[in-house]
Amino acid sequence: MKRQTGIWIDSSKAIIVALDGDTEKITEIDSEVENSVHHNDEGNKGTFSGVHHGNSDKKFDDRKKQELDYFIKSVLSYVKKSDELIVFGPAQTKTKLEQKLMTDHLIEPGKLKAVETADKMTLNQIVEKVRRFYNPFEYKEPKP
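Note that the sequence shown covers residues 1 to 144 in UniProt numbering.
No wet-lab data here; the hints were simulated from the structure.
Hints are not guaranteed to be accurate.
Said to hold, decoys possible - Pairs of lysine-lysine, DSS-like flavour, derived with a Cα cap of 25 angstroms:
(1) K64 with K13
(2) K58 with K129
(3) K111 with K81
(4) K120 with K100
(5) K80 with K113
(6) K80 with K59
(7) K113 with K59
(8) K113 with K81
(9) K120 with K13
(10) K25 with K129
(11) K25 with K113
(12) K59 with K81
(13) K129 with K96
What the hints assert, rightly or not - Simulated restraints, written as ranges between beta carbons of each label pair:
(14) K73 with E128: 21 to 29 angstroms
(15) K25 with F137: 35 to 43 angstroms
(16) Q99 with K13: 18 to 26 angstroms
(17) D104 with S12: 20 to 28 angstroms
(18) N135 with Y70: 32 to 40 angstroms
(19) I26 with A114: 34 to 42 angstroms
(20) Q66 with K25: 22 to 30 angstroms
(21) D20 with K58: 41 to 49 angstroms
(22) T23 with K80: 16 to 24 angstroms
(23) D83 with F60: 37 to 45 angstroms
(24) D69 with E28: 14 to 22 angstroms
(25) S74 with E138: 26 to 34 angstroms
(26) Q92 with K113: 15 to 23 angstroms
The beta carbon of each residue, even a glycine, is placed where N, CA and C say it ideally should be.
Let's have the full structure, built from the sequences with the hints guiding it.
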């Protein structure tokens with residue numbers, strides 16, 4: 001039996017739905033990625049040291065990139081044994097995950113079935129979307 005996995009992801013969390021026959025396993029991973037540009041601990045947007053002005057934006061961007069890379073690696077650790085994979089979500093994190101999968105050859109060609117845009121969703125909506133994607137004939141459209 002194929003292990004089919006769906007990942008809803010944005011920069012704040014990832015919800016992984018793994019279907020293995022009739023069983024499903026749902027895993028939620030919270031992200032440590034900072035989304036705020038201004039930090040209370042940093043004070044103003046820069047500091048002066050003599051004639052030099054230091055700006056914390058580059059430091060923040062570098063830290064955010066490292067945190068996002070760590071988050072994506074932790075998500076990928078849950079899907080290594082998947083036979084089929086779908087990735088969806090509202091923001092650019094899904095495309096960063098796709099790029100990581102492809103550039104690092106972390107998944108065999110053909111296993112990534114789709115990368116789709118999706119808004120914020122409830123847990124039930126995420127599970128239903130994954131089930132519908134892999135088993136479209138089990139769901140019938142309601143008649144008007």
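| query | Is the distance from the Cβ of T23 to the Cβ of K80 consistent with 16 to 24 angstroms? | reply | Since T23 and K80 have Cβ atoms about 18 angstroms apart, the given range 16 to 24 angstroms holds.
| said: Check whether the Cα positions of K58 and K129 lie no farther apart than 25 angstroms. | reply: violated, 38 angstroms
| query | Taking 25 angstroms as the top limit, are the C-alpha atoms of K120 and K100 close enough? | reply | holds, 23 angstroms
| query | When you check the alpha-carbon spacing of K59 and K81, does it fall within 25 angstroms? | reply | The given pair, whose Cα atoms are some 36 angstroms apart, is violated under the 25 angstroms limit.
| request: Take a look at whether the Cβ-Cβ distance between D83 and F60 falls inside 37 to 45 angstroms. | output: The hint (37 to 45 angstroms, Cβ to Cβ) holds, given that D83 and F60 are roughly 39 angstroms apart.
| message | Run the distance test for K111 versus K81: straight-line Cα separation, threshold 25 angstroms. | response | holds, 11 angstroms
| field | K113 paired with K59 [C-alpha distance capped at 25 angstroms] | value | Violated, at roughly 36 angstroms.
| message | Given the hinted pair K80 and K113, is their Cα-Cα distance within 25 angstroms? | response | holds, 15 angstroms
| field | Q92 versus K113 beta-carbon gap, inside 15 to 23 angstroms or not | value | Hint holds: Cβ distance 20 angstroms, inside 15 to 23 angstroms.
| query | When you take the CB atoms of S74 and E138, is the distance between them in 26 to 34 angstroms? | reply | holds, 31 angstroms
| request: For N135 and Y70, compare the CB-CB distance with the range 32 to 40 angstroms and indicate the outcome. | output: holds, 33 angstroms
| said: For the hint 34 to 42 angstroms, verify it against the beta carbon of I26 and that of A114. | reply: violated, 19 angstroms
Consistency note: the structure conflicts with the earlier hints numbered 2, 6, 7, 12, 15 and 19.
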